[in-house]
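**Q** Input sequences plus hints: build the corresponding full structure.
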Amino acid sequence: MKSIFTFFSLIISLSIFGQLNVSFVGQVEYPSESSDIWGYVAPDDTEYAIIGLECGVSIVSLADPANPVEVALLPGVCTTWRDIKTWGEHAYVTNEGGNGLMVIDLTDLPNSATAFDWTPNIPGLGTLSTIHNIYIDEFGYAYLAGANINNGGLLYIDVHTTPGQPEFAGAGPNIYSHDVYARDNVAYSSEIYEGSFALYDVTDKQNSILLGSQETTGEFTHNTWLSDDGTILYTTDEVADAPVGAYDISDPTDIQALDDFKPLETLGDGVIPHNVHVWQDWLIVSYYSDGCILVDGSNPDNLIEVGNFDTFLQGITGFNGAWGAYPYLPSGLILISDIQSGLFILQPNYVNACWLEGNVSDASSGMGIAGADIEILSTNVFDESALDGDFATGYAVSGTYEVAVSKGGYEPQTVTVELINGEITELNVELVPLIPIGMNGSVIDASSGNPIPNAQVRISNEDFDFDISTDASGTFQIVNFFEGEYEIAAGIWGYKTNLLTNAIDETNNTLTIELEEGYEDIFSLDLGWEFTVAPVQGTWEIAQPPIGITGGAPFFIAPNEDSGSDPGNACYVTGNTNAVETSLLIGGSTTLTSPVFDVSQMTYPSISYELWYISFNQVQQGPDATPMYVELSNGDTSMVVDSIQYLDLDVIEWEYHEIDIPEFMTPTANMTISFTASSSANFIVVAEGGVDHFRVFEGEPSSVITLNEQFEMNIAPNPSAFGFQLTYDIQVPVEQAQLEIFNQMGQLIEVRGVNNQQGIIEFGSAYDAGIYFVRLSNGIEVSSGMKIIKY
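Quick note, in the working numbering, the sequence shown goes up one by one and the last residue is 791.
It should be emphasised that the hints constitute simulated quantities derived from the structure, not laboratory data.
Do not take every clue at face value.
The calculated lysine to any residue pairs, modelled on SDA-like cross-linking and capped at a C-alpha distance of 25 Å, are [claimed, not checked]:
| id | residue 1 | residue 2 |
| --- | --- | --- |
| 1 | Lys-262 | Phe-168 |
| 2 | Lys-496 | Pro-453 |
| 3 | Lys-496 | Phe-697 |
| 4 | Lys-262 | Pro-243 |
| 5 | Lys-205 | Val-186 |
| 6 | Lys-205 | Lys-262 |
| 7 | Lys-205 | Pro-252 |
| 8 | Lys-496 | Phe-597 |
| 9 | Lys-496 | Gly-568 |
| 10 | Lys-205 | Thr-161 |
| 11 | Lys-262 | Thr-217 |
| 12 | Lys-205 | Pro-243 |
| 13 | Lys-262 | Ser-196 |
| 14 | Lys-205 | Thr-379 |
| 15 | Lys-262 | Glu-375 |
| 16 | Lys-262 | Trp-282 |
| 17 | Lys-496 | Gly-635 |
| 18 | Lys-262 | Gln-314 |
| 19 | Lys-262 | Thr-379 |
| 20 | Lys-205 | Asp-260 |
| 21 | Lys-496 | Leu-333 |
| 22 | Lys-496 | Tyr-604 |
| 23 | Lys-205 | Phe-168 |
**A** Below, the structure is given as structure tokens:
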């Protein structure tokens with residue numbers, strides 16, 4: 001995924017950015033989406049591509065790679081996922097739609113190909129129906145991952161004894177495996193929901209032995225592939241902005257993380273790595289919306305991108321673009337399956353990286369400097385020094401470059417280096433520390449000029465982050481402060497947060513920050529909201545979206561940004577990680593409650609806020625009707641006044657909500673508002689939500705006269721999954737009184753006559769799930785409305 005703005009820039013990106021050391025050879029487009037890909041070489045040395053399609057498998061002859069020809073199209077159950085491997089003259093194809101393992105006879109290519117579905121009933125396990133992934137080792141054993149039996153744990157299948165006739169050989173641990181690689185009777189299982197890979201000795205297919213395991217950086221381990229020498233395992237995590245990882249597994253009991261690779265051009269854009277393969281010293285990665293990326297792995301401590309070809313140029317990320325990559329044809333061609341655009345045939349030019357490695361230290365003390373920025377100018381390459389000051393980076397193209405080295409509190413340096421392909425250039429830089437300046441500030445009331453004690457102040461930039469509070473006189477002081485451009489936030493509950501940007505230096509190092517009185521929280525600071533802890537995960541926290549995307553199903557779990565109605569860039573969310581499995585609310589509920597706010601002196605107090613929410617039923621594989629509830633309290637009375645639910649996972653966006661407090665209860669000096677997100681205790685229903693830009697303001701009363709003293713009513717239960725019971729006491733003539741129910745659109749949906757001045761009315765059992773408003777009326781005057789929620 002590269003940024004495309006005009007037709008001219010599209011041509012430029014195709015000719016320059018999309019083809020670094022990789023050239024286009026040919027393409028086959030399909031009317032449906034594609035999934036994984038594998039290659040096959042026939043006995044006559046003709047090369048073929050075998051690509052999974054939504055409702056079948058396509059076999060393409062590469063006899064003339066620039067003019068590929070489909071020679072067979074084998075129908076299969078329709079499914080998003082297919083994975084393919086070959087052994088001898090047969091291909092084996094998995095899917096998650098049913099019908100087990102497809103076995104394809106390739107012996108008559110290019111004339112034809114035939115297939116059947118293998119669906120054995122395995123004693124003690126059940127009938128094989130769906131399978132997520134497959135790998136076949138050098139001994140002719142197929143390893144099935146993510147099947148409908150054995151809890152998705154590994155299954156071992158003999159495909160060598162009788163070609164084309166699989167035989168069950170054993171089962172591994174019943175731990176769900178998303179993908180698997182195997183060599184020398186060791187299986188490397190990507191246990192995605194454990195967030196780790198595991199090594200199993202599978203010499204005895206009836207008795208798998210765990211050798212070791214390792215959590216990966218993204219905690220959502222999608223696939224693994226072993227280096228040719230068997231010492232380094234490369235991994236992907238299928239979540240936004242996750243890396244390709246390198247791990248030394250020479251001692252399975254002491255696995256060492258070596259390096260993480262991320263494509264720098266789209267860093268932070270939410271790009272997702274999918275599958276990594278290894279050919280000699282290079283990694284060939286299908287990187288979804290970034291296409292095919294080549295990484296030099298000959299120095300696994302310092303992984304450098306040396307080639308790329310972008311197959312997806314639509315300017316969005318997510319589960320789009322390159323699904324699979326196959327680099328093992330004798331011709332050296334790389335086969336890419338692009339979900340939207342089909343088969344790409346590419347010619348790589350494998351080159352070694354130009355490595356730049358060294359240390360950044362303090363010129364006075366000689367100690368290494370952590371967090372120093374190292375940038376190769378005129379490129380997109382940058383790095384950050386480790387705790388000891390060491391860094392390791394590099395570039396694909398040799399030449400003379402300027403390298404900028406900087407760290408807050410030090411004088412920056414720019415040095416010239418010569419980068420050479422296949423060589424390590426060493427660069428050691430000593431930075432001279434700056435003399436710190438002091439800075440002072442105060443926070444005052446914008447109207448009175450009076451100091452505001454205990455106000456929170458955050459002063460930050462790329463290098464520094466100071467969090468302080470004002471003292472009893474409303475002032476603060478930072479002794480070790482360095483000049484620069486800073487973002488400043490100041491606030492306290494009862495005042496509106498003030499955001500500003502200031503250049504602070506030795507002659508301009510005093511700040512006076514004014515705050516306007518009022519209740520408005522943009523969540524740039526923690527102003528004292530409280531929350532209950534979620535039973536498993538998903539507790540409310542202040543965070544800066546985007547939260548990211550799911551790792552398993554193709555839908556977003558967040559709007560990817562905070563509300564646009566406030567100047568800040570943060571909100572409250574129920575968990576904030578890139579992986580859905582570690583972000584979603586699981587196992588129960590969590591409630592976010594505001595500090596107390598006083599509206600007793602306001603004429604018609606109203607509140608507003610913005611929300612988003614999803615609730616997902618994992619059994620039904622779709623949205624759940626459970627909403628997020630909003631509860632208002634005046635210190636004496638508490639009432640659910642609002643809710644939000646989404647029934648369409650394609651529409652996850654912020655919603656503006658507004659509540660007039662007098663319509664629900666008597667405004668007091670002890671008001672609070674709470675937001676409760678809920679998931680089921682049995683883990684079937686999971687949820688995710690956000691709250692932003694809470695404010696209190698003077699609203700406008702309705703033009704309808706409300707006479708609360710003439711109408712008393714209570715509705716219970718509320719909310720309810722069944723019906724409601726209204727208890728009322730009215731002081732108007734009963735022949736003129738009636739109960740009126742409106743839907744959320746303001747449409748009158750039901751009217752009930754009221755025959756007594758006191759009584760009980762049952763209603764709502766047949767209502768659809770949603771929000772309704774209830775009031776009593778005498779035809780001219782009405783009671784305050786009550787909101788009810790049916791779920």
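**Q** Confirm or reject each hint.
**A** So, going through the hints one by one against the coordinates:
no.: 1; hint: Lys-262 / Phe-168; result: 39 Å, violated
no.: 2; hint: Lys-496 / Pro-453; result: 15 Å, holds
no.: 3; hint: Lys-496 / Phe-697; result: 12 Å, holds
no.: 4; hint: Lys-262 / Pro-243; result: 5 Å, holds
no.: 5; hint: Lys-205 / Val-186; result: 11 Å, holds
no.: 6; hint: Lys-205 / Lys-262; result: 37 Å, violated
no.: 7; hint: Lys-205 / Pro-252; result: 20 Å, holds
no.: 8; hint: Lys-496 / Phe-597; result: 13 Å, holds
no.: 9; hint: Lys-496 / Gly-568; result: 12 Å, holds
no.: 10; hint: Lys-205 / Thr-161; result: 15 Å, holds
no.: 11; hint: Lys-262 / Thr-217; result: 12 Å, holds
no.: 12; hint: Lys-205 / Pro-243; result: 33 Å, violated
no.: 13; hint: Lys-262 / Ser-196; result: 19 Å, holds
no.: 14; hint: Lys-205 / Thr-379; result: 50 Å, violated
no.: 15; hint: Lys-262 / Glu-375; result: 15 Å, holds
no.: 16; hint: Lys-262 / Trp-282; result: 15 Å, holds
no.: 17; hint: Lys-496 / Gly-635; result: 23 Å, holds
no.: 18; hint: Lys-262 / Gln-314; result: 20 Å, holds
no.: 19; hint: Lys-262 / Thr-379; result: 15 Å, holds
no.: 20; hint: Lys-205 / Asp-260; result: 33 Å, violated
no.: 21; hint: Lys-496 / Leu-333; result: 61 Å, violated
no.: 22; hint: Lys-496 / Tyr-604; result: 20 Å, holds
no.: 23; hint: Lys-205 / Phe-168; result: 10 Å, holds
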